[in-house]
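Going line by line, the protein sequences match chains E, P and D. Residue 1 is where the first sequence starts when you use my numbering, and the numbers rise one by one after that. Residue 1 is where the second sequence starts when you use my numbering, and the numbers rise one by one after that. Residue 1 is where the third sequence starts when you use my numbering, and the numbers rise one by one after that.
Fair warning: there could be bad hints in the mix.
In silico BS3-like cross-links for lysine-lysine, where the CA-CA straight-line distance does not exceed 30 angstroms [stated by the list, open to error]:
#1 369/E <-> 8/D
#2 173/D <-> 240/P
#3 140/D <-> 256/P
#4 143/D <-> 206/P
#5 256/P <-> 143/D
#6 292/P <-> 206/P
#7 265/D <-> 240/P
#8 26/D <-> 206/P
#9 370/E <-> 8/D
#10 623/E <-> 468/E
#11 176/P <-> 151/E
#12 140/D <-> 240/P
#13 549/E <-> 265/D
#14 176/P <-> 144/E
#15 304/P <-> 148/E
#16 256/P <-> 65/D
#17 265/D <-> 256/P
#18 25/D <-> 256/P
#19 206/D <-> 240/P
#20 240/P <-> 25/D
#21 240/P <-> 45/D
#22 468/E <-> 549/E
#23 151/E <-> 211/E
#24 8/D <-> 546/E
#25 180/D <-> 206/P
#26 136/D <-> 256/P
#27 304/P <-> 583/E
#28 25/D <-> 173/D
Not the full set, but computed from the structure, chain E residues with beta-carbon under 8 angstroms of chain P [as the list claims (entries may be wrong)]:
#29 16
#30 87
#31 98
#32 118
#33 175
#34 555
Hints are computed from structural coordinates only; laboratory data are not their basis. Since this is a predicted model, take the numbers as computed values, not measurements. Here a beta-carbon is modelled for each residue, glycine too, at the ideal position from N, C-alpha and C.
As a plain string of letters, each chain reads:
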Amino acid sequence: MPAIADAFLKNRADNLPPDVSQEFIVPPFFQQISIFKDSKSVRVLGGRGCGKTMFLRYFCHGSTFSSHRPQIADDEFSHIGLYFRPDTGFCSLITPEWLGNQQDGVAFSHYLTLCLLAEVSQALVNINNADNLAGGPLSLSDIKLGPKLVKLLQLTEPTVESLAAVVDERLAELDLWVRNPGRCDTPMFVHFTTIITALADDLAKHAPRLKSVAFRVFIDEFENLLPRHREIVCDAIKHPSPRLAVHIAHKREAVTDFKTSGEERIVEVHDIRTIDIEGLLVNDNDFEVMAAELFLFRLRQADVTVPCPAFKPELLHDVAHLPYRSTPSYRQDVVACTKQIFPEMRAPEIARVALEDPALRRRVVEMIKKGLEFQGLDGVFNAEELISESVPEASVVLGAILNRKSQSGKEAVRLFQEVVDKGRSKNDAFYKTGGWVDNNLYGCLFHLYAGLTRRPNILYAGFSRFCKIAAPNLRFFQELCHNALLQAYQRRSADEIDGALCIDLNTQAAAAVHVSDAMFEDVVQLGPHGDRLLDFARRLGGLFEKYNKRRSQSEPEINHFSINRADTAQLSDAAQVILREAKIWSVLAESKGTKDKAEYDVTQYELVLNPIYAPHFRISYRKRRKITLTASQLDIMLTHTDSQFDSLVRQLVDSQDDEETAKKTGSLF
Amino acid sequence: MMKKPLKKPALCSEVIVRFIRQDLITEQELTQLPLMDIAFTGADDLDDRSAYSVERTTRLGEKSFRVCYHPESFCLEVGDKKYRANGGELEDLSRDFAAGSIVIDATTLDFSEIALLIYAYSFCQKSPRIGFLYVEPVEYVRRSHEDSAVNGMAFDLSSGFVQHSIPPFVGMLGNKDSVHLVAFLGFEGGRLTRVLNADDGQFIRKVTIVFGIPPFQASWDLEALMANSRLLETSEVGVKFCGANNPKAAYELLEKAHAALSGSSECNRLTVSPFGTKPMAIGAALFCAMQKRPRVVFDHPRRKKGRTTGVHCVHWYEVDIN
Amino acid sequence: MSFHVPEKNSSLFSEVQQRFRMLLKKRIITGIDEETLDCWLANFKTEEERYFAACVLGRLIFRSKNMIDSSIDQLLNCMLPTYLRQKGLYPYDDIDSFLSSIRQDDPSHFIRFVGVDGSKQNDTGKSGVVVIRHYKRRAKIPKSVTIRPDALNELPEHVKCIVFLDDMLGTGKQFETFAKTHALAEKSGLQIVYCPLVAFQDGLDKLGKSCPWLTVLPIETLNERHQFFCESAQTPGVWAVDGVNTVLDTRGFYDRLATKRGIPKTTRHGLDLLLGFEDSTPNNSLSVLWASSDDWANLLMR
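Work the whole structure out from these sequences, hints included.
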């Protein structure tokens with residue numbers, strides 16, 4: 001029996017088989033958008049870990065004609081999916097510099113054609129052998145291919161077997177030609193739009209059921225194609241052929257120019273539509289539901305009995321069952337079940353726990369004490385007495401309040417003692433809506449925990465918090481699960497665990513930090529500028545960490561920044577490159593603006609540090625406060641030396657922390 | 001250009017590389033080595049040992065030439081001549097620089113240069129005897145940044161990695177191919193994971209990583225393990241060992257992996273990543289250049305100046321590739 | 001201040017033991033099972049003890065069977081041919097010819113391989129025997145070219161070279177005694193080479209002086225930096241491992257722990273190395289690794 005933790009290990013698109021029909025969980029957004037319903041080209045956007053490749057594979061012939069499917073309708077023939085991912089090592093040789101001529105465009109097209117033909121051959125075999133077609137078995141072995149195809153490909157026989165054999169030969173020929181330019185006969189180049197269309201026409205003639213046969217090509221990792229090769233693909237998008245639709249997939253920001261071979265460009269909406277997987281995944285709590293379903297699915301794969309009757313893994317893979325999975329009761333059930341396995345403690349509870357834990361309580365007392373000193377009241381009040389178990393939240397935030405220049409210490413203490421005596425109300429400064437507790441509790445808790453490196457910070461524990469930290473990256477979520485399960489249950493399998501599956505808060509918190517540390521370490525491998533990216537992430541995270549350490553918490557939970565659009569144009573080239581890389585690899589995400597802002601300023605845009613790194617820097621993952629950076633400040637952060645960055649940090653963090661300046665002038669009130 | 005027929009790649013059983021010597025060699029013994037016809041060296045100004053190595057290697061050859069490979073233009077410069085990295089032009093190289101024996105400065109030349117030179121000479125009717133000089137440093141430079149808490153970043157050896165294919169070693173892979181990746185590992189964590197990330201499950205089905213044990217200096221193997229702990233943690237990898245100083249062991253390891261392909265149901269192609277020590281890279285270069293089928297993933301690190309200090313000892317390897 | 005856990009290393013224990021556990025799981029380290037590891041870790045109860053354990057585990061040099069195989073390859077493919085060539089005993093064109101000649105199972109070969117044992121007859125299971133068995137398996141060295149130490153007086157004429165195999169050369173005392181017992185110094189006309197898998201530098205120097213007729217070719221060499229209680233190069237007296245505690249405090253801490261739990265303390269001439277092989281542990285390794293008592297579970301076997 002497999003260890004439970006291991007069910008979450010197969011995290012990469014490692015060894016994704018052509019048939020993902022038993023693995024792919026149909027996301028809720030399939031209902032909202034029309035996916036590939038017509039033949040207009042689609043651009044699928046998504047970063048690593050959001051499931052982009054599996055999504056594409058789901059639409060390809062391996063999954064469509066899977067033997068696991070109960071019934072395959074004939075209309076699937078009108079959009080047979082072909083998957084293409086370039087062999088970048090080989091394609092990097094298809095350039096004028098290497099070939100010594102301008103044949104790179106046609107050579108790439110030839111390569112693409114052969115790869116797609118190989119896919120088609122496989123698809124035809126699948127269809128030929130399928131015994132679960134709704135219209136009954138369909139024999140394709142005696143197809144007679146037309147003269148056009150025979151001539152272009154120089155087929156010995158007009159059969160599909162001959163086609164498959166010829167494809168292998170031509171690929172070998174192309175391999176030799178590319179690697180020994182000028183020394184081999186030039187192959188007879190073919191173009192994929194011509195060939196695939198001709199093939200489709202021949203198929204249509206073969207059987208009435210194939211009358212509307214058409215193919216759709218999915219080009220994955222579009223950003224990894226050389227610019228000239230991308231033009232070839234864009235040509236096909238700009239000028240669609242009958243029976244052939246071309247779709248592409250790439251990471252956000254990774255491709256900005258969709259130029260064709262000519263002067264034209266691909267235009268959004270007119271030529272191509274965009275599906276932003278990450279954006280769609282986080283709509284409306286959908287990510288939590290998907291994460292819960294994925295978690296329960298994996299548990300089932302590890303032979304664990306899942307205590308959720310509503311959950312039926314066999315319904316996950318077909319869009320037909322989406323209505324059931326969209327019902328509020330189902331969604332609540334799966335999320336609730338997962339929450340039981342990953343319980344959470346709310347912030348007010350954590351405040352109570354903080355007062356009971358000696359080390360945390362000491363931190364609270366220290367904070368209040370420093371605040372009293374700051375206000376010149378350390379002779380008047382005793383910090384220890386300003387803590388009350390009856391109002392733990394108020395006790396926790398009191399320290400921050402007292403450390404603010406703008407706040408009268410005497411007044412704060414008076415209000416606090418009032419709350420202690422009279423109990424909390426809807427109107428007191430602490431507990432009213434938008435009051436001190438609402439605005440500062442989380443910030444103060446993060447501040448308290450940040451000072452205790454050994455204590456696991458249970459603000460990171462809980463299923464919905466795991467989701468907030470990981471979204472929209474399912475890979476991250478699975479890493480969190482894997483690590484938490486590993487720490488809780490080591491290598492035990494389902495039958496070796498007694499009692500209900502449940503992971504305690506401290507273990508979850510430790511897992512969050514461990515995974516966050518690991519993901520942060522991984523930044524160095526992201527793209528060709530990984531090391532600069534890591535430096536930048538470290539600096540940005542470090543800046544937010546410093547803010548979190550401010551006693552005043554005057555702007556609590558700062559974890560993102562905004563910048564003027566106009567300003568970004570002023571950044572140095574090197575800075576722009578790193579900023580772009582940060583977005584491509586999801587180290588930063590561009591955000592649509594905090595909802596509670598009165599005005600939405602289009603000239604500004606906000607960049608959030610991926611919340612997966614929050615535990616590493618011991619900062620908040622909730623999107624609350626931001627700072628505004630100028631171009632020159634951002635430039636320093638992106639490209640300048642450590643010492644220059646350090647002075648920038650001092651300037652940013654200390655200038656707003658009133659303690660230092662105020663101390664010098666003594667008590668203010 | 002006249003089209004010459006291509007030489008068919010030799011079958012595995014026809015290829016024999018004989019390892020003649022693998023010695024730790026003293027200054028005196030170096031001077032007693034017979035002169036080779038041609039010496040090939042790299043840049044001599046990177047650090048202490050490059051200056052030393054280039055000087056000694058040059059003295060070992062009747063003639064000596066500077067070699068440099070440019071990954072982005074696929075061009076191998078030898079002396080003042082340029083050759084593109086394809087079979088035909090490299091064969092020309094072996095004619096232009098015909099020799100009965102050559103010595104390669106493995107300290108200052110990197111994997112791509114070594115492999116291409118061997119590949120060039122493999123076309124000869126009678127290939128020259130090949131000697132390799134390799135100088136071990138006293139120390140590798142530690143990263144001075146205070147924050148080397150990230151494992152693998154502790155050694156700051158290279159400034160920028162680039163993934164350019166080396167044409168003879170990038171035969172096409174199709175969707176029926178599945179690859180067994182054998183990666184020799186060293187200090188620089190992340191090099192292999194970058195390769196795995198880039199492939200992302202497309203072709204690579206099996207990964208074997210090779211650690212250099214016995215290491216150059218005892219306890220440096222702990223550094224390599226730590227630099228790669230994240231990789232070991234997350235992936236299903238097999239682990240093998242090969243002397244850090246033993247090209248023959250590296251060669252034989254690859255031979256075995258290659259032989260296993262025909263029996264394996266999982267993988268049919270071999271890809272090699274020579275990220276470990278230079279002697280391992282020599283073994284790998286010999287294997288790939290003579291076999292011609294294996295693919296190579298190499299990231300052409302741009303070596304920083306002063307990345308090592310001192311000259312610890314010198315190795316001399318001699319092979320016969322006929 | 002006495003032995004304490006430096007702030008910067010507060011999470012060292014959890015990191016190191018996780019990493020070590022992973023090496024066990026991935027079978028990079030074979031010969032120790034997870035349960036043994038857990039029992040050993042359970043020996044350490046306080047924060048300081050756990051920190052100490054982490055320092056030990058993090059600097060352990062362990063050689064599993066596969067790694068030893070690789071070391072054997074190193075000797076037979078690199079070091080021994082070089083040595084024989086220097087001594088004019090190398091009539092071979094290449095390394096594989098040399099290896100085939102040994103594998104011939106021909107007693108007329110001029111080499112003999114011998115395992116170094118502690119004393120004469122009843123030394124089954126001693127490290128020398130184990131090592132030579134390993135060589136035989138890995139390198140396919142046949143019986144005809146291996147002999148037992150007692151056969152050293154009855155060597156045929158044509159034997160020109162004896163290769164002594166061992167796992168560890170520590171202080172050198174053991175080999176000195178062995179050499180005296182078998183009167184090796186008197187065997188003129190023979191090239192004698194001693195090849196331990198690992199050697200300690202001091203032992204090498206000692207043998208160099210007391211046995212000038214001997215060549216020692218260790219496959220790996222350790223020096224004082226590998227001794228657990230070594231001093232920092234920059235600050236004398238400070239423990240090199242963490243740069244914070246003093247050597248005296250650390251040693252004192254360990255001795256107190258050892259006494260309390262009934263295992264050997266450190267000794268004045270002990271080497272305090274952190275070395276283990278899959279089938280054996282040299283006695284100059286720190287006792288914390290191999291000792292066992294009612295109150296102490298061992299990690300490695302002696």
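What hints, given by number in increasing order, does this structure fail?
2, 4, 7, 13, 15, 17, 19, 21, 25, 28 and 34
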